[in-house]
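Participant: Take a look at the letters that make up each chain.
2 protein chains.
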Amino acid sequence: MTLFDPEELHEGPRGPLVRVRLVVAYDGAPFHGFAVNAGVRTVGGTLTDAITTVVGHPVELTCAGRTDKGVHARAQVVTFDAEQDRFDLDGLVRSLNKLCGPAVAVTDAAVVEPSFDARFSARSRRYRYRVLNRPAPDPFRSRYAWHVEEPLSLPAMVLACDPLIGEHDFAAFCRRPKRRDGEPASLVRRVTEAVWHDDGDGDLRFEIEAGSFCHQMVRSVVGTLVDVGRGRKHAGDLLAIMRSGDRNQAGDLAPPQGLTLWAVRYDGWTAG
Amino acid sequence: MTLFDPEELHEGPRGPLVRVRLVVAYDGAPFHGFAVNAGVRTVGGTLTDAITTVVGHPVELTCAGRTDKGVHARAQVVTFDAEQDRFDLDGLVRSLNKLCGPAVAVTDAAVVEPSFDARFSARSRRYRYRVLNRPAPDPFRSRYAWHVEEPLSLPAMVLACDPLIGEHDFAAFCRRPKRRDGEPASLVRRVTEAVWHDDGDGDLRFEIEAGSFCHQMVRSVVGTLVDVGRGRKHAGDLLAIMRSGDRNQAGDLAPPQGLTLWAVRYDGWTAG
Chain A
1 MTLFDPEELH EGPRGPLVRV RLVVAYDGAP FHGFAVNAGV RTVGGTLTDA ITTVVGHPVE
61 LTCAGRTDKG VHARAQVVTF DAEQDRFDLD GLVRSLNKLC GPAVAVTDAA VVEPSFDARF
121 SARSRRYRYR VLNRPAPDPF RSRYAWHVEE PLSLPAMVLA CDPLIGEHDF AAFCRRPKRR
181 DGEPASLVRR VTEAVWHDDG DGDLRFEIEA GSFCHQMVRS VVGTLVDVGR GRKHAGDLLA
241 IMRSGDRNQA GDLAPPQGLT LWAVRYDGWT AG
Chain P
1 MTLFDPEELH EGPRGPLVRV RLVVAYDGAP FHGFAVNAGV RTVGGTLTDA ITTVVGHPVE
61 LTCAGRTDKG VHARAQVVTF DAEQDRFDLD GLVRSLNKLC GPAVAVTDAA VVEPSFDARF
121 SARSRRYRYR VLNRPAPDPF RSRYAWHVEE PLSLPAMVLA CDPLIGEHDF AAFCRRPKRR
181 DGEPASLVRR VTEAVWHDDG DGDLRFEIEA GSFCHQMVRS VVGTLVDVGR GRKHAGDLLA
241 IMRSGDRNQA GDLAPPQGLT LWAVRYDGWT AG
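Quick mapping for you: the protein sequence lines, in order, are chains A and P. Be aware that the first sequence starts at 1, since it is given in the working numbering, and climbs by one per residue. Be aware that the second sequence starts at 1, since it is given in the working numbering, and climbs by one per residue.
In case anyone wonders, no lab produced these hints; they're calculated from the structure. A portion of the hints provided could be inaccurate.
Cut-off 30 Å, straight-line C-alpha distance, at most; resulting in silico cross-link-like pairs (DSS-like, lysine-lysine) [claimed, not checked]:
1. A/Lys-69 <-> P/Lys-69
2. A/Lys-98 <-> P/Lys-233
3. P/Lys-98 <-> P/Lys-69
4. P/Lys-98 <-> A/Lys-233
5. P/Lys-69 <-> P/Lys-178
6. P/Lys-233 <-> P/Lys-69
Just need the whole structure built from these sequences, with the hints factored in.
Facilitator: Structure below.
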């Protein structure tokens, strides 16, 4: 690991830059989400500090999906620019894993074209949500699942996914972002897959893929689908909820610990 | 849940007692081991407080294996005596899971013969130890495994298990207990199984079963076997280490988070 004089860190890079792409896995429990936020421990802040220490100059991170507090990632993608003479990739990975572990792990690293951007080059994101559906809790699975004690109707939950597929306005399932320029952001998203699997022993797994997601969309969709599984809503209600554009029609947010950013697809390459 | 006046709690049981047996699973990470220890959070202390709250009188817990700080259990067994009119089993389980969850979960409860004792009636204990053997860390598995980066020779580790099987003095692998009466405690134990499995993707799993274990025995055995896998010791050294009775000959203790109390066998019944 290369360590630099802290005074030098504020000067910024001086030599030729290369774009670096990392694939990062993390357990979201100890973090206040991905986005850098002064005063709290975030995945992005932890990574930025560690990369700065290793390459010896400040870096700015871009990520494929800014996960919320408590949400996990199996394959988050980040890009940043670094002076090419300041590091080698293998040493970078080893140093970052020593500095950030064990809750954060870099699983892949590459130098990519300067036009490659973790966020804007991504073609689709895939999230997985786990529900533990049985009376007894499980200390090992409850860290990565939402424990729902009452029996859920999986066929109803599968049926309710149908209206989600395709291009729709997901306002009913999203926290509307604040825009500084006054222009309302589009909440139209294209969902290509949304399906529940029964992995046995109470393990229910929801897989959803879309070009991109609005803020809190997956947890809101899961909360609504679990309401269907409980019989509080009908599978046929999903279309009306979506068309209403009204967040009060949707179910409560599913808790964050069940959610994992599972994979990110790019042209010719997939992380995860 | 039944809640009693705190003043009443100190009076002890007054009605006829029944012996209650629980099977308990826990994630050991947030606890300073099982044994009740004033001032620190322990699994036994958490359970004792919760049971006292539910049944309305103090109880004394006996367990099948007093796991150390950071060690997990899939099937710990505990017994205690409670006034039979103070609770029903289903309500007890529900209340304990609400009070102790999510790190501790009661997975089974029964009223048993007064002669049944979680510790002394047990015929054997089975522990599992997980090693994550690959260069890259894994935030999800590292909570329940020892991450060893350098490649281990599994055949050598399997071979080295051979001398462990049978009845031996395990002093070389144990922390010698302090005895108040001056009589040295026997460290002779009968191991009936000790084997490594390769579950793929770097997951190595050690299974060991014995009538009972000395303190720190499994972690010391695993530390020694991993030394063999690294090539620091030979498989043929195990017999000499065991015969030496010298703790300095054995390897360092494997870290606690890889260890799980997996199952406990009794006459006619097995937990786990």
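Participant: A separate judgement is required for each hint: does it hold in the structure or not?
Facilitator: Results of checking the hints against the structure:
no., hint, result
1, A/Lys-69 <-> P/Lys-69, "holds (28 Å)"
2, A/Lys-98 <-> P/Lys-233, "holds (27 Å)"
3, P/Lys-98 <-> P/Lys-69, "holds (23 Å)"
4, P/Lys-98 <-> A/Lys-233, "holds (27 Å)"
5, P/Lys-69 <-> P/Lys-178, "holds (19 Å)"
6, P/Lys-233 <-> P/Lys-69, "holds (28 Å)"
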